[in-house]
Amino acid sequence: MTETTMAQALNRALRDALAADPDVLVYGEDVGPLGGVFRVTDGLAAEFGAERCFDSPLAEAGIVGTAVGMAMHGGRPVVEMQFDSFAYPAFEQLVSHVAKMRNRTQGAVELPMVVRIPYGGGIGGVEHHSDSSEAYYAHTPGLRVVTPGNPADGYSMLREAIDCPDPVVFLEPKRRYWDRADLELPVRTESMDRAVVRSSGTDVTLIAYGPMVATALETAEAAREEGIDVEVVDLRSLSPFDDATVAESVRRTGRAVVVHEAPMFGGYGAEVAARVTEQCFHYLEAPVLRVGGLDIPYPPPKLEEYYLPSVDRILDAMDRLQWEADWFPEAPPRPRADAVPLPCNDSAGASAGGSDRSRSEVSAWAPSRP
Amino acid sequence: MTETTMAQALNRALRDALAADPDVLVYGEDVGPLGGVFRVTDGLAAEFGAERCFDSPLAEAGIVGTAVGMAMHGGRPVVEMQFDSFAYPAFEQLVSHVAKMRNRTQGAVELPMVVRIPYGGGIGGVEHHSDSSEAYYAHTPGLRVVTPGNPADGYSMLREAIDCPDPVVFLEPKRRYWDRADLELPVRTESMDRAVVRSSGTDVTLIAYGPMVATALETAEAAREEGIDVEVVDLRSLSPFDDATVAESVRRTGRAVVVHEAPMFGGYGAEVAARVTEQCFHYLEAPVLRVGGLDIPYPPPKLEEYYLPSVDRILDAMDRLQWEADWFPEAPPRPRADAVPLPCNDSAGASAGGSDRSRSEVSAWAPSRP
Amino acid sequence: MKRIDDRAEPAPAPTLPSTEPIRLVDRKGHRVVDSAYPTPDHGTLLTLLRSMVIGRRFDRQAGALARQGRLAVYPSSYGQEACQIGGVLALAEHDWLFPTYRDCVALVTRGIDPVDTLTLMRGDWHNGYDPGRYRCAPQCTPLATNASHAVGLTYAARRKGEDVAALVLMGDGATSEGDAHEAYNFAAVWNTPVVFLIQNNHWAISVPVRKQSAAPTLAHKAIGYGMRGYHVDGNDAAAVYSVVSHALGEARAGGGPAIIEAQTYRLDPHTNSDAPQRYRDESEVEYWKERDPVARLEALLRAEGRLDDAELDRVAAEAERLATDLRERLSGERSPRGTRDAGRRGGPALSPDDLFTHVYAAAPPMLAQQRQALLDELRGV
Amino acid sequence: MKRIDDRAEPAPAPTLPSTEPIRLVDRKGHRVVDSAYPTPDHGTLLTLLRSMVIGRRFDRQAGALARQGRLAVYPSSYGQEACQIGGVLALAEHDWLFPTYRDCVALVTRGIDPVDTLTLMRGDWHNGYDPGRYRCAPQCTPLATNASHAVGLTYAARRKGEDVAALVLMGDGATSEGDAHEAYNFAAVWNTPVVFLIQNNHWAISVPVRKQSAAPTLAHKAIGYGMRGYHVDGNDAAAVYSVVSHALGEARAGGGPAIIEAQTYRLDPHTNSDAPQRYRDESEVEYWKERDPVARLEALLRAEGRLDDAELDRVAAEAERLATDLRERLSGERSPRGTRDAGRRGGPALSPDDLFTHVYAAAPPMLAQQRQALLDELRGV
Ligand SMILES: Cc1ncc(C[n+]2csc(CCOP(=O)(O)OP(=O)(O)O)c2C)c(N)n1
Ligand SMILES: Cc1ncc(C[n+]2csc(CCOP(=O)(O)OP(=O)(O)O)c2C)c(N)n1
Ligand SMILES: [Mg+2]
Ligand SMILES: [Mg+2]
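Residue numbers (this note's numbering), protein chains in the order written: chain Z, 1 to 370; chain E, 1001 to 1370; chain B, 2001 to 2381; chain G, 3001 to 3381.
Just chain Z, same shape as in the assembly (with noise of 0.2 Å):
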């Protein structure tokens, strides 16, 4: 086991995958000799040659077009997107194509790409470096969005995704790049599409993805010393949606709050609450509370800790879950786990994904796609 960073085992992967499949291409702005600005595309130009991993002129939709193009005829193209905020001139793309062409095709035409976003704040960036649009890309039917949370996902999703037919949004958590795991590579973790259970609790499910997975984690610690017990589900997958792992957690709780860095109205969180809300509505001791950004344009360096939720935040949400009983007298306790449930959906996956809490399960990566 070695210290990896999560731009350690992106790297990696993306090494890997070039090394598996010739059809595997990586570009972007400044991924070739300088390895990225973040240094995930670190040495694959050196080992890969310009021909497979190589710097595009300095055009978002042109990037995320011609990648269209490569994945039309046999590519399998890796794009990088420099900042979440210059990904927006490829929304059109993004939208009205790569989302479509599947449909539009009656599947004749598949575009198995990855985009690869760094998102979020958190690292002192100036305007325009710290955005999370998650729910931009989350709201489009035909793509695949997933942001790893840790170093083992890094690796085994950005892996998955690139393998995957349907193009994925892949969002990086920048400011966990530099997070450290305990790790060999390659790892394979649960598949993408499933949301985990990272740490178990009865009382609280505090449901996070990406940046805020660790911030969730330090607060169910913090929580624990104030007495509650918190569960922690890791989205991964933001679209698809895991319901059965979320509902299965909720439904045992009976309180959950959901927290991302993305200004709250509108986004995602409104998502998992709404459907959340829906599927377990008689478990529920308290509405599903959503902790976000403000709903401002991300601030600048000096000012952006007042605008990321932090544990406090958290903690403050659940304080707010309502738990005396008589803090609402008419209210009496809902039923709990044995009621029966909203028709809800319970197929998104064989197994329940709630119970595996292995956190990475090392096993080799079979080279060749499934």
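Bear in mind the hints are in silico, worked out from the structure with no lab data behind them. Hints are not guaranteed to be accurate.
To be verified - The calculated SDA-like cross-link candidates involving lysine to any residue, where the alpha carbons are at most 20 Å apart (straight line), are:
id : chain 1 : residue 1 : chain 2 : residue 2
1  : B       : Lys2160   : Z       : Glu51
2  : B       : Lys2160   : Z       : Asp21
3  : G       : Lys3160   : E       : Glu1305
4  : B       : Lys2028   : B       : Arg2379
5  : G       : Lys3160   : E       : Gly1074
6  : B       : Lys2160   : Z       : Pro22
7  : B       : Lys2160   : Z       : Leu315
As the list claims (entries may be wrong) - So, partial list: chain B residues that the calculated Cβ filter (under 8 Å) puts toward chain Z:
id : residue
8  : Asn2127
9  : Pro2131
10 : Leu2153
11 : Gly2254
12 : Leu2267
13 : Leu2330
Glycine included, every Cβ here is placed at the ideal spot set by N, Cα and C.
The hints should help you fit chains E, B and G with the ligands onto chain Z, whose structure is shown.
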């Protein structure tokens, strides 16, 4: 009183705004001699000259970008995106500049500009002509996002949007362009920030906006025949959201359904459901349900009827609102309006928009800006 | 100052296109001598003519179907046959074509079943043919957005050692989009074999080309990317064929991509729901009708004794058969205006079930549920 | 074929820029005769030199502050002073400047308080000056996106009868973006007085300009929009000043916008967190240091007896005062890495309250609530 379509009301609003304020400019693709593909700018070029209403080069980012520049220097540009999907090339300008300029400059530069976008389906349009893109904009702090549901609001809200010192994404429900109302113009309806109760009822609150308001009203009629008394709330402003009016209604009825055309997953309805639940949890007899478009790319004309929310689907959702007291035996009926409310935003407006049901208040529009 | 900048050597000393378009056959059907571009041989000219006669008949039929409400919309090719057909016939079978909504005649010329070329316009589905089989991308509606697809596709093909060039069709209006620029630039920098054929039909719906560009010609853009630019008479099928062939040949040989502006004219309204009287004068249409691409080639071939009435009748009969076949096969069509006259139900080619099948490779649980709910709803469950 | 198309008459017969850049002063400080563009008079040359000395000192100081962690980031102007200063000094007071993140020296030259030019880089706020007061847009980070703002602004000014031209600064890399294309095109079609000054510093972070464009020069793009293109030695402040002045004059007179490519070089890393050794050779930097824009103008003025040590000392002292002032006024700064070392708290220039004030003209209830919640949180309520 004369019969006026929404397209005519919008046209008249543009005409009156151009007449009232020499800084107002109308431009975009085909808005000049043709009068726009929906004829919303009909006659404006002839009346105000090619300096005030004109065709620009065919480039949406350029259209919105030049509008930013005009607004920076005293102009009040009103630009048209020809269809919803064709606004995507302008996404970066909208998110990274239009939404942020005032904040970036601490108020030194304001952008009084309107981006008109015909949106939604139901007109038999081929690919890319029927997207409901409101969730993308509503999640972007700094943008105002409004959408009229009837001709009177078409007129009044567009004039208000043009007068507004903030940039406004003005979403026009294109399938309602030809809807008629008996109307004397100019007309001033409720403030565009305010939601309005279009039809009062006691059993369930049906929350809709834009193209779905008429469908919601139809549903209310149909439900009444089945003995369900539906209150229809027309949101009008998607961002900011009028919490006061909506929460007041839902607390009264104890049930809510939100409906829109956009794909349901991550859609605007999620925000509505999440915040209504948060604010009205203990008043709710059932979870807030959503009726939306399917989570697929917008279908071709011959299949769109299967995609679009219909009166039947909304009635079906209402049926699932757990009307039978014994449907869920362990769960006793929730406390009603006399119960202690969750901490909730009651400050959305001084007057409870909910009590104001006048469809439109006929009053001359002051020609100069407030 | 020595340029330290080692920019890729620009393709053969770029010269500016002439403002007079390249022309091989004038509007009276006389040959024009141009030493740079050979006039195609008679066999090729006959093929061009035959394809144009068939293409025009197809287009007229599609227009009629649109007026009858059997198509959701139809953007006409009338007047632009030389561009579309001259361009498509210059392609090799293994090359790729990237058409727009405007280019149904190009699709027919590419060999796609006419009924399938109209799937998008019928409102049955977004695309009606297998792109891989015909090496023809789906018709593209968001302007200029498929141009970069062509660049990526030819890049991927070259990596596999395949000799694949691509022809991108685009309108004059589309050149204003940022996507056009990015595609031109990627093609030039990557030196991929793509020819961008701009059908300058003088209008982008109601907007005249002078409101799109102040350039001497649209082909003048080429030099700004370091590629070759050609300005051609787009109503001269021989010239379009010859110049596109030449450009494709250069591109294949590593000479880089090219922009070709073809001067042509849309004789019909933009689509069946357009109102051209609002923005253009009928005299302009008359002017261009005198420059008809079909009549011109017919005149030449007749004058040179390569075409007689009998042959023309044969071609016309073939075109008529295609039109009849199209009409008959679409006669069972219901109106595509699904929602607005939902009363007029009829069977669409695809079932509602198909809405869910190809959103992803495998439908995720949420979609499987929505499919089930819809099927239940339709069965009245 | 008569062109029915009545495209706007292109600006004075567009000719191609030469691949040799326009130069008025060579790297040894000798005058080069160019009949088309006058060399500025000695007074102007002295002003250019003074501004460059001050600009460079400012830039060196800002770089030092960045290395000390007092700025969140600093993109250096070192080596590009002639472009930024030659361009800005050619503007009239009522004209507008549209700078990028790269152009802090341009801002200082425009008369903005050096501390305020660094607000963005300090991480205090997104912009630190009143754009209207200095007629200087906020520094733009999303590449090429402010170019269309300049077009719209000058359009609006013309409608009001104001004589306002604009200078847009952009990098070589930015020219690849669709936004650059759209802005060039809108400017040309609308004939607005905008000059696009491309500082070709040969790198876009790690990407050399040959990977951005295969064009002979970036100025060759101009003709594709029907505008004038100029290719200038960007390390020759006299040439930049003269050509930008000329282009602005033409543009104001209705001659249309222009693209100017200025050949220069970024001597420093892209920003303080860049690693140039990964992508470029130190010898390239040396090559360009020999073409230093400041030394060149100093040599000329000395040789022509217009500059002596005393004057240079005075300018250097002024520059030093500016640097000292900047250093001192920023000495109270805490590290801008707010989150990563949140322990090191210090007072930001703005309070958290300010986060909510200017999102909209008036804070909607939801934001007012969030502001209150944050203030409560900070007061420990
Ligand atoms: C990105 C985008 N914006 C707007 C439209 C709407 N639209 C459809 S066709 C058209 C005009 C296109 O003109 P041109 O490129 O000259 O092609 P033509 O129709 O003349 O063949 C417009 C504006 C679109 N399809 N895509
Ligand atoms: C739209 C967009 N994409 C990517 C970036 C990230 N980025 C910042 S600077 C830069 C290089 C810009 O190069 P150039 O235009 O030559 O300007 P220079 O930095 O050399 O002055 C990149 C890719 C950005 N700021 N905006
Ligand atoms: Mg056209
Ligand atoms: Mg550069």
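How the hints compare with the structure:
no.	hint	result
1	B:Lys2160 with Z:Glu51	holds (11 Å)
2	B:Lys2160 with Z:Asp21	holds (13 Å)
3	G:Lys3160 with E:Glu1305	violated (50 Å)
4	B:Lys2028 with B:Arg2379	violated (63 Å)
5	G:Lys3160 with E:Gly1074	holds (9 Å)
6	B:Lys2160 with Z:Pro22	holds (10 Å)
7	B:Lys2160 with Z:Leu315	violated (55 Å)
8	Asn2127	holds (5 Å)
9	Pro2131	holds (5 Å)
10	Leu2153	holds (4 Å)
11	Gly2254	violated (16 Å)
12	Leu2267	violated (30 Å)
13	Leu2330	violated (19 Å)
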